[in-house]
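Going line by line, the protein sequences match chains A and B. My numbering puts the first sequence at residues 699 to 1034. My numbering puts the second sequence at residues 282 to 1024.
These aren't lab readings, by the way, just hints derived from the structure by calculation. Every residue gets a Cβ at the ideal spot worked out from N, C-alpha and C, and that includes glycine. Errors might be hidden in some of the hints.
To be verified - Chain A regions said to be covered by chain B (calculated; three or more residues, Cβ under 8 Å):
# : stretch
1 : 811-820
2 : 838-844
3 : 929-938
4 : 1003-1016
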Amino acid sequence: MNRFSYSRPGNVDTAVGELTRHEGAKFIAGGTNLLDLMKENVERPNHLIDINHLALKTIEDTEDGGLRLGALATNADTAYNDKVESRYPLLSQAILAGASAQLRNMATNGGNLFQRTRCYYFYDTGTPCNKREPGSGCGAFNGFNRIHAILGTSDENPETRCIATHPSDMAVALAALEAIIRVTGPNGERTVPIADFHRLPGNEPWLDTTIQPGELVTAIDLPAKGFPDYYAYIKLRDRQSYAFALVSVAVGLEIENNQITDARIALGGVAHKPWRKPEAEAMLVGKTVTEADFQSVAETILSGAKGYGHNTFKIELAKRAIVRALQRAAKTETES
Amino acid sequence: MTKYIGKSMSRVDGVAKVTGKAKYAAEYSAPDLAYGYVVCSTIAKGKITRINTDEVLQIPGVIQLFTHENRPRLACFDLNYKDQDAPPGSPFRPLRDEKVVYNGQPIALVVAETFEIARYAASLVKVEYEQEDHDTALEHNLHRGRGPKSGVASLLKSPPPKPRGDFEKAFQAAPFKTTGQHIHSVEHHNPIEMFASTVVYEKNGKLTIYDKTQGAPNSQMYVAQVFNLPFKDVRVISPYVGGAFGSGLRPQYQLFLAVLAALELKRSVRVSLTRQQMFTFGHRPATVQNLSLGATADGTLDAIRHDAIAETSRFEDYFEIVVNWSGMLYPAENTKSTYDLVPLDVFTPLDMRAPGGVTGVPALEMEIDELAHKIGMDPIEFRLKNYTEKDMDQDLPFSSKELRECFRQGAERFGWSGRKPEPRSMRRGHTLIGWGMATGIWEASQGPARAEAVLTVNGKLRVTSATADIGTGTYTIMTQIAADTLGMPIEDVIFRLGDSDMPLAPIEGGSWTAATVGTAVKVACEDLGKKLFKMAQKMKNSPFADVKQDDITFADAHIRLKSDPSVAVSLLDIVGTNGGRAVSETSTSLPSMLEQRKYARAAHSAVFVEVEVDEDFGTVRVTRAVTAVAGGRILNPKTARSQIVGGMVWGISKALEEESVMDHQFGRFMNHNLSEYHVAVHADIRELDVIFVEENDTIVNPLGVKGLGEIGIVGMPAAVANAIFHATGKRVRSLPITLDKLL
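Chain A with its partners taken away, still in its complex shape (with noise of 0.2 Å):
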């Protein structure tokens, strides 16, 4: 862990003030990820600016019928909260799923959407990564890659390779509830909606958001369509708790008579993002449950997946995952 000097600011202006003017500067909230990070001399920030004290918190109800989850209510508040668990149940599922009790005590809303890979590469100083040392090469493409992305990599370049996946189960869910983040930095406020907030690898794979130096994330706003009624979280893993998603699947329908009006399908664990295909969404819109094939949704969700040797198994593990998701949140799924 490198020296680094630490300050405390008290509201939200001062402490995106802070970060412009510190070069290297990070903000802390829950430090779940970074203090790690830190230790392993991954990151190396040289001024660390805690915002726990900023107030973000609250979870409350926007004009709009939606809710707004400030950006400090941890992971655990939000998922046991009386309104996020009875309109959102999808997203309280989806962070139940992640991590343990301990970190999601800790654990920002905020924080867990800026969480970075677990690729084993990338938290080893001692192997290449070009997310952490761009232009090193890419130790998971020809090695242990068994928790790797198999969509939207970036493979060709050996200096910009990165199969690596986001990590997060809260995110996942927030991109099927098509969550819009609210941010601030030195030019005031904006929104970005969760699609365009995290990114693939591409030519620059150190970057994992679209977020720009010096703003901070204040809330995510949730819609008012929650998918209270149909919804699913599938996370598939090598142990019944505190494992990374190897496959995840969050689903939300809008069933009417028994035709599905809307359909939203996110994936976990497969891309350096929350994984989204609109035309396989499309193909739901209209149905009756009973007519829809849930099957090819899944084959066109996966279309274009790519497996590198350990992970090449999750292209089917995905697809099976999507039509249990389905099934689960049409109840349509056989009894077990």
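Got chain A sorted already, so can you dock chain B onto it with the hints?
Same frame as chain A, now just chain B:
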């Protein structure tokens, strides 16, 4: 006579542990303590050409950077570096020279005023290498297999048994046969407490070392010999160990580095490893096993072939007993087995809970299950038909073997009779349900040990032996044994361990501590009793003046006449006649080899497991498991149950989750943290049930105990794998059985 032995008792050290009073190696401090942080290599093989020492030394707070270039001269013979668990070969010597022999090798130690500075400085150490090609993949080097070199360790670990009968002929003729290749991954011990040594540099230049170890005398011997110090100047203390599972059987490199720095700096130094560094030394070796079994038409197991190839390092021949178990479990007439090693550019593997046993037995038990299935026999029926009353290879009867009773009681508790024999025959929706079982076995051994028993002036019994308690309950059972032997109330008995100044005990491993140290404690207390009786006889108006030792008994802190217990002298009164001094006796216990060698001695188990497998996803849950153990006399059912449950949990982990994955591009373990190195979490574990089957054994040792450290894990992986076969019809022979193997 046995007021405490055999009773469920809570751990005598439990309160100290849960209240934080129990201190571990990294928690001891000293005035002016300096902190070391280890720099590990990032290549698997080659030479160090440059280390940027000057730059690192300029960081404020950094005291010294030790490398191969500035280390002091040390012992030059391999023998000096051999610890009690050293396999044949040339032990690894940290900072020996510029050569790198494995990835993660300690190549420098930064010593600083704080741990944080040391760690930061270590991150700035830049090492330049001249790399050489490395070879770390066992599966690509099976052709290089060769027999292990013999050495002192081979006395304890017997080589593969000689062939019996004619395997090829019998196998060829067998109407039922099965053949399979079993692949087991590397595992790392990963106890919760990381390795640490706090070396206190005393004013007189002597060293007091708080070390994480399974044998304080082992660490003392290592330090004295490597650094050419008199034994009396090195004291190693290790009262509490936060788990070890075998990793503490050898001194780890932080001990070497901390001592080196303390001696050079003439200052107290602590070196503790990080979780990531816990993946940079011994581990359970990767192993490939080929088994072939043949049975006659009536279900008689007639032919067994068991060949194993395991990895070892280039410098030591670590080996295990993998292929020797079938002769203790099945009376096949025609057998053949081999065990070979492949030296690779890795660190030497190291004993890990049930070393060899939980490798060889699961492979055997999975093939037994497969053969029973092919014959169409119930797995228990097949095992009962092929039950052996003697160790076939040694041609010796068992000192005791209640395995039949384990099958019976375990099956009854589990409800085995309700099992539908056909695979895939029990399902609920997407969920396939499977019931599987397997046998476990582990040798019951006893070594020599010493213990001291002291009756203090205020009538307390203090017993010591330099053994370890790695969380198994040693403190508790020794206290029980001492209390019963001298008829003392348990609250007046204090047992201490983990100090090289105490009477010598061997390293704590192989399930032999209860037998080994337990017997020494018993003998020391008996000898103290004799001494106290003689003193009682000499007391004024002694009621025992003309009484023989056989006619008295120890009860309620008194010596009492057996025929009339009201005739008694209190131990407190006896010690009162000793001129204000305590009465003590130190005794050595040796196993009665002559008697023991006439018998095979082993603990047995029968394990029953239910799994649920999601047919689409390949995810497995162990929903319940029953283990019935025949482990001789059970000293404390509560700590004994914990031992077995712990073994069962690890067995589930091993079967389904646990694996250190090496990237052979770099020859480096990649999932080196507890987030990605998966062990079972609470949510993975459901109902676990333990039965102790009554087993009386007067041969195995004077206490009749067989040790329970390993037997809990041995049978578990095969029972899980067999249950998965029953659920899915898929026989997966490579562990762990992760979901992708069942898709």
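Legend entry - Within 8 Å of chain B (C-beta), three or more residues of the stretch 838-844 of chain A: holds (count 4)
Inset, instruction - Tell me if chain B covers the stretch 811-820 of chain A under the three-residue, 8 Å CB rule, please? - result: It holds, with 3 qualifying residues against the three required.
Legend entry - Verdict on chain B covering the stretch 1003-1016 of chain A, where coverage means 3 or more residues with a C-beta closer than 8 Å: Holds: 3 residues of the stretch 1003-1016 of chain A have a Cβ under 8 Å from chain B.
Legend entry - Outcome, coverage of the stretch 929-938 of chain A by chain B - at least 3 residues whose beta-carbon is closer than 8 Å to one in that chain: It holds, with 4 qualifying residues against the three required.
No hint from the list above goes unmet by this structure.
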